[in-house]
Each structure stands twice: as C-alpha cells, then as structure tokens.
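Now for the letters of each chain:
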Amino acid sequence: MIIGKQKPLEEIREMLEGYKRVLILGCGTCVTVCLAGGEKEVAILATLLRMSEKMAGGDKTFSEHTIQRQCDNEFLDELEEKVKDVDAVLSLACGAGVGLVAERFPDLPVLPGLNTTFIGIPQERGVFTERCLSCGDCILDETGGICPVARCTKGLLNGPCGGTNNGKCEVDPEKDCAWTLIYQRLERQGKLERMRAYRPPRNFQAVVRPGKVVAE
Amino acid sequence: MTSKDDFEPVIVAFCCHYCAYGAADLAGSMRLQYPSTIRVIKLPCSGTIDVLHILRAFELGADGVMVAGCLEGTCHFMEGNYHAKRRVERAKRMLAEVGLEKERLEMFNMSAAEGPVFAEVVREMTERIKELGPSPLKRPLKNSVSQRRPGRR
Numbered sequence: 016m017i018i019g020k021q022k023p024l025e026e027i028r029e030m031l032e033g034y035k036r037v038l039i040l041g042c043g044t045c046v047t048v049c050l051a052g053g054e055k056e057v058a059i060l061a062t063l064l065r066m067s068e069k070m071a072g073g074d075k076t077f078s079e080h081t082i083q084r085q086c087d088n089e090f091l092d093e094l095e096e097k098v099k100d101v102d103a104v105l106s107l108a109c110g111a112g113v114g115l116v117a118e119r120f121p122d123l124p125v126l127p128g129l130n131t132t133f134i135g136i137p138q139e140r141g142v143f144t145e146r147c148l149s150c151g152d153c154i155l156d157e158t159g160g161i162c163p164v165a166r167c168t169k170g171l172l173n174g175p176c177g178g179t180n181n182g183k184c185e186v187d188p189e190k191d192c193a194w195t196l197i198y199q200r201l202e203r204q205g206k207l208e209r210m211r212a213y214r215p216p217r218n219f220q221a222v223v224r225p226g227k228v229v230a231e
Numbered sequence: 003m004t005s006k007d008d009f010e011p012v013i014v015a016f017c018c019h020y021c022a023y024g025a026a027d028l029a030g031s032m033r034l035q036y037p038s039t040i041r042v043i044k045l046p047c048s049g050t051i052d053v054l055h056i057l058r059a060f061e062l063g064a065d066g067v068m069v070a071g072c073l074e075g076t077c078h079f080m081e082g083n084y085h086a087k088r089r090v091e092r093a094k095r096m097l098a099e100v101g102l103e104k105e106r107l108e109m110f111n112m113s114a115a116e117g118p119v120f121a122e123v124v125r126e127m128t129e130r131i132k133e134l135g136p137s138p139l140k141r142p143l144k145n146s147v148s149q150r151r152p153g154r155r
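Quick note, the sequences are listed as chains L and X, same order. Taking this note's numbering, the leading residue of the first sequence gets 16, the next gets one more, and so forth. Taking this note's numbering, the leading residue of the second sequence gets 3, the next gets one more, and so forth.
What the hints contain is simulated information worked out from the structure, not anything from laboratory work. A virtual CB, placed ideally from N, CA and C, is assigned to each residue, including glycine. Errors might be hidden in some of the hints.
[As the list claims (entries may be wrong)] Derived DMTMM-like pairs (lysine to aspartate or glutamate); straight-line CA-CA distance at most 20 Å:
#1 X:K87 <-> X:E105
#2 L:K22 <-> X:E99
#3 L:K75 <-> L:E118
#4 L:K55 <-> X:E99
#5 L:K69 <-> X:E61
#6 L:K35 <-> X:E61
[What the hints assert, rightly or not] To be clear about the criterion: a stretch of chain X counts as covered by chain L if any three or more of its residues have a C-beta under 8 Å from a C-beta of chain L, and this derived list gives those stretches:
#7 58–66
#8 92–103
Sequences and hints are given; from them, build the entire structure.
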C-alpha cells in the first residue's frame, strides 16, 4: 500500500495561512494503516491545530471528516455537503487522493497534509518499508519475490556489489542487502541457478509517465 | 483576573483501575489530605489512554494532566503501562510543538498499596502547575464567579 508521513505541524500551519474555515479530510485506506492520515490522525491533528490557533490568538475553525478512500470518485460524493461552508480542505490522503479531491472541487484549495513516500508494507508495528518501485516490469519470479529494484540501494540486477557486508548494505548499514536476501530465498527454494541468469539494464520506460492503464 | 495566589489548577488525572485508583481510594480511607485540584478519570488500564484523550483535555482547558498506572513490571494487563509511557512521551512532544509546556503532563507509577504516594503525586503536580500558571488555552467555566449574576448563589 501507499505509505505516507504527516508533514510537520509548522509546515501545515504555514499552508493554512489566510484560510478561516478548514476541513481536515482523512482517508480510510492506506494512510489509515500507516498511521498517517486516518480518522484518529485527523482528530489528533484537528486538536493540535485548534490548540496552536488559540495560542496564536487566531480564529480559524477546523471541521473533521474521513471517507473510505479519496482516490475514488464514488466516495467523494458525500463531500458535497461537507465542503459547503469551508474555504480550504487539508487532505491527509496520498498525493493521488489529494489530487482527485482537488479535481472534484476545482474552486476549493485542497492542501496536502502528508508527504507521500513509497509503496510498502508494515514490517513491524509502526515501521513501514519500501517494497515496490512500480517500475512496470516485474521480475519477482526470478528473484524469489524480493525486488532488487526497490530494495537494493543501488538497484542492481545481477547480484550483490562488493560492498555486501554480513547481509547488510555498505551504503546504509541499517538496511539489509537485498541480494543476500534473494540468495537465501532462492537457496531455500532450490532455485539458486537463477542467480546466474544475466539481466540486461532494465527498461526505465516500461511505464511512460504519467502512467495510464486501461482495463479491457 | 485571578492572581497567581488565587489560581486553583484543574488537573485531569487518568488513573488505572487496579493500581492508581486503588491508591487514590486508599489515600481516602487513610484520610490523607491532598489538594482538591484533580479530576479523576478511571481507566481499566493506563494502557487504554490515547494521545487524543490527553490532547483533548488540554484543548478543553485543563491546566495539567497526569496519567497514573501500575509500577513497571506489575501492570495488571502486563504491558499497558509501557504503552501509556510511550504515549505520554509522544503527547509531550506534541504539546511542545503547540507551545505548551511539556511539564504540564506527567506519567506516574504506583501500586494500589501506595496511598501516600498518590497524595504526594497530587501535591507535586499541583505545585508544578501553580508554578507554571493557568493554561493559555483555558476558557472561563460556565459557572465561574465572574459570570454569576449578583444575588445568585
């Protein structure tokens, strides 16, 4: 799923300058799971904004609402009512959600409360790691389900570099060496000979951006 | 306007049922004297406290908040007080971001047998909040003296 991280409070306050009635809009899917923009995070952010507004002697008001997904028009229908008396929306969705809400309400400033970071998974409680770069040409069948494009710091396709160090990466010793993981996975499945397969440089334009997929 | 000497803090005390509330109860049975500044909210476990509860207490005008749970290692629900400790730390960072003093919030651990500790904790928090002064977010209470009509009790 898409992993995002909330922007610092100061940055959000600067974005909101000049607006009086702000709707803080949460999203119930990816950003709820990564604890960045769900109903709970909307409530916390609203409280913090009200408190700092009062400290600053301002008079902004904040309303709160969370919808199932901001990236799908059918879920945006219920917002027609909610945005009536509002002069800005602070969306806590990923960039896709912020953009679609902005498109649906083109006369209303829709501001991003999160920085969208990557496609990833919850590795352990509260920790989310990148797993996919959406390169458009998946080779996970050859690498035992571990993506060297996303998880190797250097994005190497033909085995580890000389800097692999007891399973850790020389560029960032906190990170696992993806190729060590691939080796171990393939060994476990009895498919080690796949490590020998030569892979030419990947096609960086497998998905021409901005991407479009038409389901037939 | 109240002067610093007149300032009677309002401190919300989230107390776990097993230890902190037990200690508060014992303090009562022992007839221990402590300031009447706290408003106790009983939780089944300090681990059920949420950052949102703490922040809302401050938003609604509390001068101080304390979260009281079992002694570390003796939580009735095993780890609840550890979760509470982390959430209190997080809430403190959020208070600092908003411009409120971190010292207005504190976590305390005690056993149900420690009635005197409860009383002392309340005294300590009350003193601390008196030093810090009223919360800048305070709003006048509906029945505050300044708003009573003359002649009404």
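task = Report holds or violated for chain L covering the segment 58–66 of chain X, Cβ cut-off 8 Å, minimum 3 residues.
result = It holds, with 3 qualifying residues against the three required.
ask   = Taking 20 Å as the top limit, are the C-alpha atoms of L:K55 and X:E99 close enough?
value = holds (18 Å)
task = Below or equal to 20 Å on CA atoms is what counts here, so check L:K35 against X:E61.
result = holds (19 Å)
ask   = Is the Cα-Cα distance between L:K69 and X:E61 20 Å or less?
value = holds (9 Å)
ask   = Does the alpha-carbon distance linking X:K87 and X:E105 stay inside the 20 Å limit?
value = holds (15 Å)
inquiry  = Given the hinted pair L:K22 and X:E99, is their Cα-Cα distance within 20 Å?
reply    = holds (13 Å)
Holds or violated: L:K75 to L:E118, with C-alpha atoms at most 20 Å apart = At roughly 25 Å apart (the allowed maximum being 20 Å), L:E118 and L:K75 break the hint.
request  = Go check the segment 92–103 of chain X versus chain L for me, would you? Three or more residues, Cβ under 8 Å, otherwise it fails.
outcome  = holds (count 5)
The structure fails to meet hint 3 from the earlier list, while all remaining hints are met.
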